[in-house]
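Visitor: So the sequences go chain by chain: A and B.
Throughout the first sequence, residue numbering follows this note's numbering, covering 1 to 323 in sequence.
Throughout the second sequence, residue numbering follows this note's numbering, covering 324 to 646 in sequence.
Worth flagging that the hints you see were computed from the coordinates, not collected in a lab.
For every residue, glycine included, the Cβ atom is placed at its ideal position computed from N, Cα and C.
One or more of the hints may lead you astray.
Listed next, the in silico DSSO-like pairs over lysine-lysine satisfying Cα-Cα at most 30 Å (straight line) [stated by the list, open to error]:
no. : chain 1 : residue 1 : chain 2 : residue 2
1   : A       : K175      : B       : K570
2   : A       : K67       : B       : K570
3   : B       : K570      : B       : K382
4   : B       : K498      : A       : K59
5   : A       : K175      : B       : K498
6   : B       : K382      : A       : K175
7   : B       : K390      : A       : K122
Sample of chain B residues with no beta-carbon within 12 Å of chain A, all distances over it, derived [claimed, not checked]:
no. : residue
8   : E477
9   : T503
10  : R524
11  : T547
12  : T551
13  : I563
14  : A568
15  : E628
Number of protein chains: 2
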Amino acid sequence: MVRIAVDAMGGDRGPAEIVAGALEAASDTIVPIIFGEAGLETHGLELRETRGVIAMDEKPAEAVRSKPDSSLVASVRAVAEGTADAVVSAGNTGAMLAAGLIELRRIPGVMRPAIGVPIPSKRGPSVLIDAGANSDARPEHLVQFATMGAVFAEEILGIANPEVRLLSIGEEREKGNQLTLEAHELLAASDLNFAGNAEGRDILEGAADVLVTDGFTGNVALKTVEGTILTLLEALREEITATTAGKLGGLLIRPAARRLRRRLDPDAHGGAYLLGLRGLAVIAHGNSSRTAIANAIRLAARGVEHDVVGALATRLPQRAETV
Amino acid sequence: MVRIAVDAMGGDRGPAEIVAGALEAASDTIVPIIFGEAGLETHGLELRETRGVIAMDEKPAEAVRSKPDSSLVASVRAVAEGTADAVVSAGNTGAMLAAGLIELRRIPGVMRPAIGVPIPSKRGPSVLIDAGANSDARPEHLVQFATMGAVFAEEILGIANPEVRLLSIGEEREKGNQLTLEAHELLAASDLNFAGNAEGRDILEGAADVLVTDGFTGNVALKTVEGTILTLLEALREEITATTAGKLGGLLIRPAARRLRRRLDPDAHGGAYLLGLRGLAVIAHGNSSRTAIANAIRLAARGVEHDVVGALATRLPQRAETV
């Protein structure tokens, strides 16, 4: 039985949608606990009352300090205190990171926590890390991100000896910026299964099991993938519905389009792991639907079952020493 | 009449494909001049004989210095010497940049040339700059890139008072890395029509007329857009052809898919401008088809007709002073 703290007040769609997602995920093995304002309808799920909401545009560190009883901070604290096994929030990502650092703290040896996003690429699942926790990173951070991504790939995605690639602007080792040129050397010298650079076009293609990058580039790349998929499918729909033959064709390909969405939508896993903390936190998209929330809760539960935090704690400091 | 120097030896598909593209672009107003090895079949187009080829993986500066008579360097030099009005190459991008710096030199006041790529976004054409010339850039470089992009948008895309946005990881001004945070302040204080940050998901959506970024991020983002489009359309084709109904539907939507490709394919313009030099250079994709080469030649001709270099020379130093 895994207890997942769910921040009901985070996200753009309101608490009712989050609670609906939690209900969808609730099972014999998954027990969602709702963190939200008094009186919130939870349809039988446990409610832990919180006070205050951290808005999407609030400054993370300030917000976390000034609102210790908010749903976001309280749900993270529950993991630190052991009254929940993991936390899921669709709220302010920066605040989640700040709350994680304050309440859960880092695994010894971890320099910076990072966001690992499972990407359902063409060749199967892969991990993009860091997807946005560290806008500016140093080469040695990237090596740690890669190690955390490898643990994620092994434990959660079930990939043995995962291949790591560095997101850059060319496959040759001399292509890149200062950060990636130095990180490339460190990665090549590490005990990771490092296979060299990858490019933006490899992300959805699934060139590597773990794609490592700084949080700025990773965030831009991830949102570019998401945006391109949305714009492309919407534009295709427009073109298809412009003619009668197209409309008929559109009806006939609808199941195929639906399968495709399931196969490649970066949202399919519902959330991303905040890795490197002494507790498991999953960050869901701000505009998560109930299904996305349910997926995020299942993703968190899988992380608890596979003891991702324990695996990181065992393997990170050892690896860090080799750098 | 515009004379375009065409590097026939650059690109992955061989000289015959490049020459075919040049033939396709040749018209009453466009005169392609082929730069290639002796004996190359040019089907009546002027051939200027060159010696040596710069390979895609050669180190740019060394290659340009050691092969001054190669097709790439000779075609760039033709613009410097006034025997051609612009140059198009599908060869080594770094070598084009190096040859441009050596043979054409920078427009006075320009700190760094940048690659401006026209993106056929949903709301119409826009420019992404820098798409890869400068892997590491400083905030003041980004302001110049933005200015060059704005000139490009005005002169080539016909957009009056183009809106500039900074590619970052959130719309709020405090979201970003050190580079974009500082660039944001400089852009806000400039006389550009600056509208704040954009995100990766806005690239294909066309959030801005000019999207400014450093060359590393821009290159990753551009290749991510291209790769996502390719992977998505290929995966859609696979799903569609998996069932009989899907196959029939696929036939019916084929014209729509073709219209979509024309509308959103970043390759549609055939090439990117290398901006900031005292002569016009267009860089085509390494794997350019004849049609892409023809489009790149037309793009170069349009730049000559609109005197993009003259417009940059007039407006850049003035703008640079305001920074």
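Visitor: Each hint: holds or not?
Guide: Do the hints match the structure? See the list:
no. : hint               : in the structure
1   : A/K175 with B/K570 : violated, 42 Å
2   : A/K67 with B/K570  : violated, 56 Å
3   : B/K570 with B/K382 : violated, 47 Å
4   : B/K498 with A/K59  : holds, 10 Å
5   : A/K175 with B/K498 : holds, 27 Å
6   : B/K382 with A/K175 : holds, 10 Å
7   : B/K390 with A/K122 : violated, 41 Å
8   : E477               : holds, 25 Å
9   : T503               : violated, 8 Å
10  : R524               : violated, 3 Å
11  : T547               : violated, 3 Å
12  : T551               : violated, 4 Å
13  : I563               : violated, 5 Å
14  : A568               : violated, 5 Å
15  : E628               : holds, 30 Å
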